[in-house]
Amino acid sequence: MGSFNLGKMTLGSMFKKPETIQYPAQTRFVPVGLKGHVAIDMQVCILCGICMKRCTTSAITVDKPARIWEIDRFRCVQCGYCIAECPKDCLFMEPSYAPAATAKSIEVFEKPAEELDEAAEEAQAAKEAEKAARVKAALEAKAAREAQKAKDDPAEAPKTARA
Amino acid sequence: MGKASVIPFGPQHPVLPEPLHLDLVVEDETVIEAIPQIGFVHRGLEKLVETRDFNQFIYVAERICGICAFGHSLGYAETVEQLMQVEVPKRAEYLRVIWHEMSRIHSHLLWMGLAADAFGFESLFMHCWRLRERVLDLFEATTGGRVILSVVKVGGVARDITDDMFRKIQDTLNGIKGEYGQICKTFLNDYSVKNRTVGVGVIDEEAARSQCMVGPFARASNVNNDIRIFGNGAYGELDGFEPILDTQGDCYARVKVRALEVLQSIEIVNELIGKIPAGEVAVEMKGAPADGAEAASVLEQPRGECYYYARGNGTKYLERMRMRTPTSQNIAGMTTALAGCDLADVNMIVLTIDPCISCTER
Amino acid sequence: MSLNVSFLPLAVKDLPSCARSRKDEGWRLVQMLCVRTEKGTDLIYSFMKDDALENYTIKDVKGGMEIPSISESFLNAFVFENEAHDLFGVQVTDIAIDFAGKFYAVSQSEPMTVISPAQKEAREKAAKIAAAKAAKEAKGATGGSTPEAAKSARPARAKNAAPAANVPRPAKGGASAGKTQKEGE
Chain D
0 MGSFNLGKMT LGSMFKKPET IQYPAQTRFV PVGLKGHVAI DMQVCILCGI CMKRCTTSAI
60 TVDKPARIWE IDRFRCVQCG YCIAECPKDC LFMEPSYAPA ATAKSIEVFE KPAEELDEAA
120 EEAQAAKEAE KAARVKAALE AKAAREAQKA KDDPAEAPKT ARA
Chain U
0 MGKASVIPFG PQHPVLPEPL HLDLVVEDET VIEAIPQIGF VHRGLEKLVE TRDFNQFIYV
60 AERICGICAF GHSLGYAETV EQLMQVEVPK RAEYLRVIWH EMSRIHSHLL WMGLAADAFG
120 FESLFMHCWR LRERVLDLFE ATTGGRVILS VVKVGGVARD ITDDMFRKIQ DTLNGIKGEY
180 GQICKTFLND YSVKNRTVGV GVIDEEAARS QCMVGPFARA SNVNNDIRIF GNGAYGELDG
240 FEPILDTQGD CYARVKVRAL EVLQSIEIVN ELIGKIPAGE VAVEMKGAPA DGAEAASVLE
300 QPRGECYYYA RGNGTKYLER MRMRTPTSQN IAGMTTALAG CDLADVNMIV LTIDPCISCT
360 ER
Chain Y
0 MSLNVSFLPL AVKDLPSCAR SRKDEGWRLV QMLCVRTEKG TDLIYSFMKD DALENYTIKD
60 VKGGMEIPSI SESFLNAFVF ENEAHDLFGV QVTDIAIDFA GKFYAVSQSE PMTVISPAQK
120 EAREKAAKIA AAKAAKEAKG ATGGSTPEAA KSARPARAKN AAPAANVPRP AKGGASAGKT
180 QKEGE
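Chains as they are written, first to last, in numbering that gives the first Met the number 0: chain D, 0 to 162; chain U, 0 to 361; chain Y, 0 to 184.
A couple of the hints might just be wrong.
[Claimed, not checked] With a straight-line Cα cutoff of 27 Å, these simulated DSS-like cross-link-like pairs (lysine-lysine) come out:
#1 U:176 to D:16
#2 U:274 to U:176
#3 U:315 to Y:38
#4 U:167 to D:16
#5 D:87 to D:126
#6 Y:22 to Y:58
#7 D:63 to D:135
#8 Y:58 to U:46
#9 U:315 to D:63
#10 Y:124 to U:315
#11 D:15 to U:184
#12 Y:124 to U:285
#13 Y:38 to Y:124
#14 D:148 to Y:138
#15 D:87 to U:285
[Said to hold, decoys possible] Take a look, some chain D residues computed to stay more than 12 Å from chain U by CB distance:
#16 62
#17 65
#18 87
#19 121
#20 129
#21 141
The hints are simulated quantities; they were obtained by calculation from the structure and are not laboratory data. Please read these numbers as outputs of a predicted model, since none were measured by experiment. Even glycine gets a Cβ: it sits at the ideal position worked out from N, Cα and C.
Sequences are here, hints too, so could you generate the full structure?
See the structure below:
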């Protein structure tokens, strides 16, 4: 039997503080920037849906007409890609892990409807009318261009919109 | 002359970190032949590249394996950057190598714990993993994750490290050297450890070269195949990097090579922290890989040389992404090392190739 | 020293002699991989020695073609060749340790030859954009007018709707015992 090489460490570990803590009675110090769970500031969110397209595991669903942003915490792997891609920077990572549960669930966030005063409502209506007028003008211009082209080059097969 | 019988080893076995099946043809406690079988963890991750664009795929590449997680994300990012001909900033290269060397430290400490567990020395196993926790705490503080770091992105890294944090990294790594020294002494000088590892599973240099073995498994048989000497990334900024070699070729030599590599990695991290330049940590990635473009790169992961190949097809999805991991090369070497050994030594030999079967099968 | 990576073409009939000569000169086999393209399968063998990494590409291997194994020169090739057979359907003959299709017990044979719909859609879109660009350049050479340029730019906007990246999710109607949270701030 040779000498016990680990003697010093073994003896030391009998008297030192244990390496483990009494979780959940005691909790560990949580470092800043820990990838815990994804959180959203719904006031800033514009429901564009980019986070839904970029999510690696398809954990996010955005429903613009219903003004809802959902995340399936059990599918999310906290990769942070949605946070990096959000154009309004309304997503961020909070340093606490999503709690364990006995059933899978989806967390739903609703964007509150904006309450506009009269002036703001009129301005919005005017903006929408202007947009409609612009679209109509563009379509008419396109139709005119097509007609002109058909007149100029009757031999060439007209390039219709690609299927 | 005894009768030959076949003993199945695995896929579930206390010594294996990942499922691997071996059919051991045994005659009177001596293994004549071993036939490996893998495929228990095949998840088809290389096929996922078709439905995840090249930015999203980095998160898939990380999750191929928990131990080599950072290595795979680094190799993937380097290959796609080569494909799209993008140059990452210097500071990002230094940060990547610092994290990669810390990943090597944690991987070798994990392996040493498993090796101790393989020959039954459980308290040594616990001490190794206790030291490893210090490195994982560093990962958590710098990147936000303990095992899956998610800090590399195509074009650089996602986070920076402040000077205070660098000091903390250096203090922690230099602080574990004292206890690590005692662990090394036990591994290399203890009578019972020597009994289980010296002269076991010998592979001479000739066989190692013909089997094309990689990593510390081969370096213990005096085959110098460390990719870090080629100086990709910030490895080129190191002065006097010499791979650690050993000539004995048995399990004891493999333990020794890995134990010394941990100390070497601590020195590398110290050196790079001293030299890191200021600057940006990422470049903006625009566009997609060109049609027909291909790129190949190699990376020295803790287990050996890992080869990455990428081919683009003009869309944001890569046409093909291939990661050839070191364990798939070493399986042939393991099969020859097992021929002629004692049944009780099978544990030790299988473990000394540092099997990472989830990497092998993706 | 730095690593020199090169890509070289190779023919199937030259494969055994190439492998043997590499082995004799002291090169080691790094890996063998397959890429599935529209025309067939490409095989890439990589060899490495000192500071050179050479990748030999065998292009367009069709279904019934037989590829000789190199596992007599390099035993460790058996892992890659079995994988090529199981996942890509490449017929490799005389492998040293041949698992005859049982190496990976996959439920669908040759899974890597199946193209997923999202990838197909993305490829078609890219092909259209490339064709339009080529047509635009050809027209530009013969002095085309602006409507052509406008027409060729249009397909890039037309197919924006497909969120191709997402894997189809199971219907979430009945599954969730979801708690609805109203954002309090």
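Going through the hints against the structure:
1. U:176 to D:16: holds (20 Å)
2. U:274 to U:176: With Cα atoms ~22 Å apart, residue 274 of chain U and residue 176 of chain U stay inside 27 Å; holds.
3. U:315 to Y:38: The given pair, whose Cα atoms are some 21 Å apart, holds under the 27 Å limit.
4. U:167 to D:16: Within the cut-off at roughly 22 Å; holds.
5. D:87 to D:126: holds (22 Å)
6. Y:22 to Y:58: It holds: about 23 Å lies between the C-alpha atoms, which stays within 27 Å.
7. D:63 to D:135: Holds: residue 63 of chain D and residue 135 of chain D sit about 25 Å apart, inside 27 Å.
8. Y:58 to U:46: OK: residue 58 of chain Y and residue 46 of chain U at ~20 Å, within 27 Å.
9. U:315 to D:63: holds (26 Å)
10. Y:124 to U:315: holds (11 Å)
11. D:15 to U:184: holds (21 Å)
12. Y:124 to U:285: Holds. Residue 124 of chain Y to residue 285 of chain U sits at ~18 Å (cutoff 27 Å).
13. Y:38 to Y:124: Roughly 19 Å separates the two Cα atoms, so the pair holds.
14. D:148 to Y:138: holds (16 Å)
15. D:87 to U:285: holds (20 Å)
16. 62: Since the minimum Cβ distance to chain U is about 22 Å, residue 62 of chain D lies beyond 12 Å and the statement holds.
17. 65: holds (26 Å)
18. 87: holds (18 Å)
19. 121: holds (41 Å)
20. 129: holds (33 Å)
21. 141: holds (29 Å)
Of the numbered hints given earlier, the model fails none.
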